[in-house]
Amino acid sequence: MFHRFIRTLASAALLGAFASPALAQDSKVADELAKYREALADGNPADLLEVKGEGLWSEKRGPKKASLEQCDLGLGPGKLEGAYASLPRYFKDTGKVMDVESRLVHCMVTLQGFTVAEATKNWYSRPGTESDIEALVTFIGAKSNGKPINVPATHPEEAKMAKMGEYIFYRRSGPQDFSCSICHGQEGKRIRLQELGNLTTKDGAGTAMKTWPSYRVSQGAVWTMQRRLIDCMRQARWPEPNYLADSIIALETYLQKTATGTVMETPGIKR
Amino acid sequence: MKLKTSLVATFALALSLPAFAQKAVEAPGGKFVKEAEQMFRTSFRADNPKYWMTRLEQDDTMKTCLQYRDNPPRPIGQKLERQNAATIRYPVDGKLIGDWKEGEKLAAVGTGGHIGFIQPDPAGRVRGGNCYACHELAKKEVAYGTIGPSLHHFGKIRGNAEEIVKYAYDKIYNSNAFTACTNMPRFGLHSWLTPEQITHIVAFLVDPESPVNKD
Numbered sequence: 001m002f003h004r005f006i007r008t009l010a011s012a013a014l015l016g017a018f019a020s021p022a023l024a025q026d027s028k029v030a031d032e033l034a035k036y037r038e039a040l041a042d043g044n045p046a047d048l049l050e051v052k053g054e055g056l057w058s059e060k061r062g063p064k065k066a067s068l069e070q071c072d073l074g075l076g077p078g079k080l081e082g083a084y085a086s087l088p089r090y091f092k093d094t095g096k097v098m099d100v101e102s103r104l105v106h107c108m109v110t111l112q113g114f115t116v117a118e119a120t121k122n123w124y125s126r127p128g129t130e131s132d133i134e135a136l137v138t139f140i141g142a143k144s145n146g147k148p149i150n151v152p153a154t155h156p157e158e159a160k161m162a163k164m165g166e167y168i169f170y171r172r173s174g175p176q177d178f179s180c181s182i183c184h185g186q187e188g189k190r191i192r193l194q195e196l197g198n199l200t201t202k203d204g205a206g207t208a209m210k211t212w213p214s215y216r217v218s219q220g221a222v223w224t225m226q227r228r229l230i231d232c233m234r235q236a237r238w239p240e241p242n243y244l245a246d247s248i249i250a251l252e253t254y255l256q257k258t259a260t261g262t263v264m265e266t267p268g269i270k271r
Numbered sequence: 001m002k003l004k005t006s007l008v009a010t011f012a013l014a015l016s017l018p019a020f021a022q023k024a025v026e027a028p029g030g031k032f033v034k035e036a037e038q039m040f041r042t043s044f045r046a047d048n049p050k051y052w053m054t055r056l057e058q059d060d061t062m063k064t065c066l067q068y069r070d071n072p073p074r075p076i077g078q079k080l081e082r083q084n085a086a087t088i089r090y091p092v093d094g095k096l097i098g099d100w101k102e103g104e105k106l107a108a109v110g111t112g113g114h115i116g117f118i119q120p121d122p123a124g125r126v127r128g129g130n131c132y133a134c135h136e137l138a139k140k141e142v143a144y145g146t147i148g149p150s151l152h153h154f155g156k157i158r159g160n161a162e163e164i165v166k167y168a169y170d171k172i173y174n175s176n177a178f179t180a181c182t183n184m185p186r187f188g189l190h191s192w193l194t195p196e197q198i199t200h201i202v203a204f205l206v207d208p209e210s211p212v213n214k215d
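These protein sequence lines are chains G and D, in that order. With our numbering, the residue at position 262 of the first sequence is 262, and numbering never jumps. With our numbering, the residue at position 180 of the second sequence is 180, and numbering never jumps.
Hints are computed from structural coordinates only; laboratory data are not their basis. Predicted model, so just to flag it, every value in this text is computed and none were measured. Incorrect hints may have been included.
DSS-like, lysine-lysine: derived pairs with alpha carbons at most 30 Å apart [what the hints assert, rightly or not]:
(1) G/K96 to D/K34
(2) G/K202 to G/K60
(3) D/K140 to G/K270
(4) G/K202 to G/K92
The whole structure should be built from the sequences, with the hints applied where relevant.
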């Protein structure tokens, strides 16, 4: 955790140095940067959530009073090292391509006896309401730190999901004619001051995907990839997808496939 | 950059057989297009009101742009541009230059139109052009995006002759009338901005007194 703290600090310093001349005049942005520094003084706040997630993983919970330690995230029951980095993947037992969040919920249902509604009620945190899923995903993500993203999508179902994700990525609709591609399909562009990578290249997708889940300073919370993509659909002015919807998993498969080979550095910290 | 890419594409098209050029880039989704569309449509919460769900409909332009990854072969692009040009409507009094001060406000407002259950815009929230999301305009606003080209000094450089004013109006009303599959929204077509609001933004771009042209 200490190493990561130093790394986060270094990248934030870099960000500050890069951005400061233009930002000096903009007080809103200066506020954001102040919040960054505050957040960083104690390390990435996501580190606390990681610890909480570790506790939740081994705690006996739910109607079946069972822990999640036998949960199979794709590499075998209880095998966590590198699991996040190789999701989404096809699971024989459910016959579906699943991402880390849908698989985790599956384990909460099958191992611990929660209903899907109970397991997903607080899938994201709000002020005053914490989210177990955020904590667990932060913990599971960190177990892939230093591991390369590995979603070659060789299974036919995975290949199909990646293709369907590509379709959604370029699909334009809504009152602003938006698609994912208009914000994330070119190099070196920004919207207002937020930098947007090119998610269609290994480099761009890698830079983005390796840092999730991420603590978002402006939101004061860790966001999972489901949360990130559902919010991008909101920014596109589209209706709201279901949590764990196949279209989100398809986008994740497409992005993780594109990012494959990039080494994970999670939890990240973002604006 | 877009222009350059489409020039290169036209050139490539001219060199190779049209059928071959169209096969070169597979449409996103490949052979799963139909299934992907079906899956996307059924991925939304059942409690989204019907009128929200209509936002997922695609017109010809959107469908074609998707198929060609926003880079349609020139003849197809030209057809889309003609179709889009035909949609442009003007204010009843025919005046295309409004009040730049109103335009300045509209260009800066980035809210409006967000729906969903997590973080929708509150009812009645002003809807703006959000031009700064993608363009530099007045020098004093440093928080501008770069998806579109800088429009700083737009009027100072291009002047405010009738055809420039009309071009600015038309471009904002329906950007695809000039560049098929551009990343710029079609503000008038979608009734995102009214014709009157567009005249205010035109004034913001071309009026010599507007901060776009002042410093």
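Notebook entry, point to check: Are there hints from earlier that the structure breaks, and if so, what are their numbers?
Noted result: The structure breaks only hint 2.
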